[in-house]
Amino acid sequence: MTRDELVLALAWRAGIADHSARVFLHAFFDTAKQALRSGETLDLSGLGQWSVGVDNGDVLFHPIAHAARPVAPRHEDAQPQARERVIKRYAIPVAALDGVLPRSVGQPVNVSSLFEELGIDTRRLRPTTVDMPPHDAPLDEDIEAGVMDFELDGDDAMFENEVTSDLAAERLGAAPSVQRIEEYDIPLPTAVTRDEAVSPEHEYNVEEALEDVRVTPPLEERGARWDGEAATGDAMLAPPLDAARDVAQAYQDDEEFHRHREQLYNPPAERKGGKMMIYAAVALTLIVLAIIVYLLTEESNTHTLPGVDTSTLFLQTTVPDIASATRNRS
Amino acid sequence: MARSTDILHRLEGRLPLEYEELLRLYETTVQIVESELVDGRPVELFTFGILRREAGETTFTPHSSLRTGTQDPGDDT
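Taken in order, these protein sequences are the chains called W and Y.
Just so you know, this note's numbering puts 29 at position 29 of the first sequence, and the rest follows in order with no gaps.
Whatever position you read off the second sequence (first residue = 1), add 330 for this note's numbering.
Same shape as in the complex, but just chain W (with noise of 0.2 Å):
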């Protein structure tokens, strides 16, 4: 049992997050591993004692009496085969498949049942061989059987991977064979699959390629700054413009898409008074709009106005007969 299993194991009886646990163990260990420096003689019940010898310096280890009294299992090791591959090979947490999964926790996952609510069509998986320590594969009759655990990338995931004590790196080293299980590959529709890069129209031709090349105008005449050094084949063999405006395109276009995400993910802090400027604005169009109501409304002609006389306002002026005044003139 590595430090990673021991850390799942306790968080798992003791109902803590793997965390707190890990947190704890690495805690009281060093805690005692300070002790036993410091010439204390070390008596941690259940384990053993330990000293330090006086002549070399060795740590001496006094196992206890009754260290190989058996432990009475408890009722959640009923299954402990199971439990403990649980244990091993799940980062995901067990709260989140309860009640998810028809079967218990505990409990080997049918990853197919988990496909079809993905709607993963499983006639497109195809097996892949993987080599993997002998303790980390699955049993033969889950394979057979269609059972298979699984794992996700995370912080978690990284107890599987990661080889940082001594138990683990003894055991991988120590392992006298590699065993080669199934596992399945999901082929993304987007991305180019091993059988598309090794199919003939893909294939590398070595002649086409410098047919191309030598049908290819000099770089001059494509528009191209030369410096005049290396003029040999090196330059012959220079990809096309196209080919590189495509290749500036598509870094610019990656560029374009991070700059986006990260705006979406983290958009910039809003301007202070940009707020009150839109309240603002609001206002005054609301203000505006009420004097125009007002206006247009015909109980507001007959309103006067205060301080004004409105009857002066209408005087009906007299326009000036300029053709009678001429005829009388003349």
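A couple of the hints might just be wrong.
What the hints assert, rightly or not - Under 8 Å between C-beta atoms, here's a sample of chain Y residues computed to sit facing chain W: (1) Y349; (2) I362; (3) V373; (4) E374.
Hint data in this document are derived by calculation from the structure and do not stem from the laboratory.
Since the model is a prediction, treat every value here as computed from it, not as a measurement.
From the three backbone atoms N, C-alpha and C, an ideal C-beta is built for every residue, glycine too.
We have chain W already, so just place chain Y on it with the hints.
Relative to chain W, chain Y alone:
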């Protein structure tokens, strides 16, 4: 002599846990270690060492930092 209770009391000042909670975690750890040893599997006690039980005899392999008296380079927590 430093007993396990002394170690737990020293931990009280370092961890935000009560003594009873620390004692419960320690007893659970001892149960796990004991069950693993009974099944014949070695147990790695973090940067302290590895406990093994072969043919009914429990042996202890100290961690490299405990042997040399140096800090643990693989301390990841």
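Can you verify the interface hint for Y/Y349: is its Cβ closer than 8 Å to any Cβ in chain W?
violated (13 Å)
Given a cut of 8 Å on the nearest C-beta pair, is the interface hint for Y/V373 held or broken against chain W?
holds (5 Å)
Interface hint status, Y/E374 versus chain W (Cβ within 8 Å)
holds (4 Å)
Hinted contact Y/I362 with chain W - closest CB pair below 8 Å
holds (5 Å)
Hint 1 alone, counting from the list given before, is not met by this structure.
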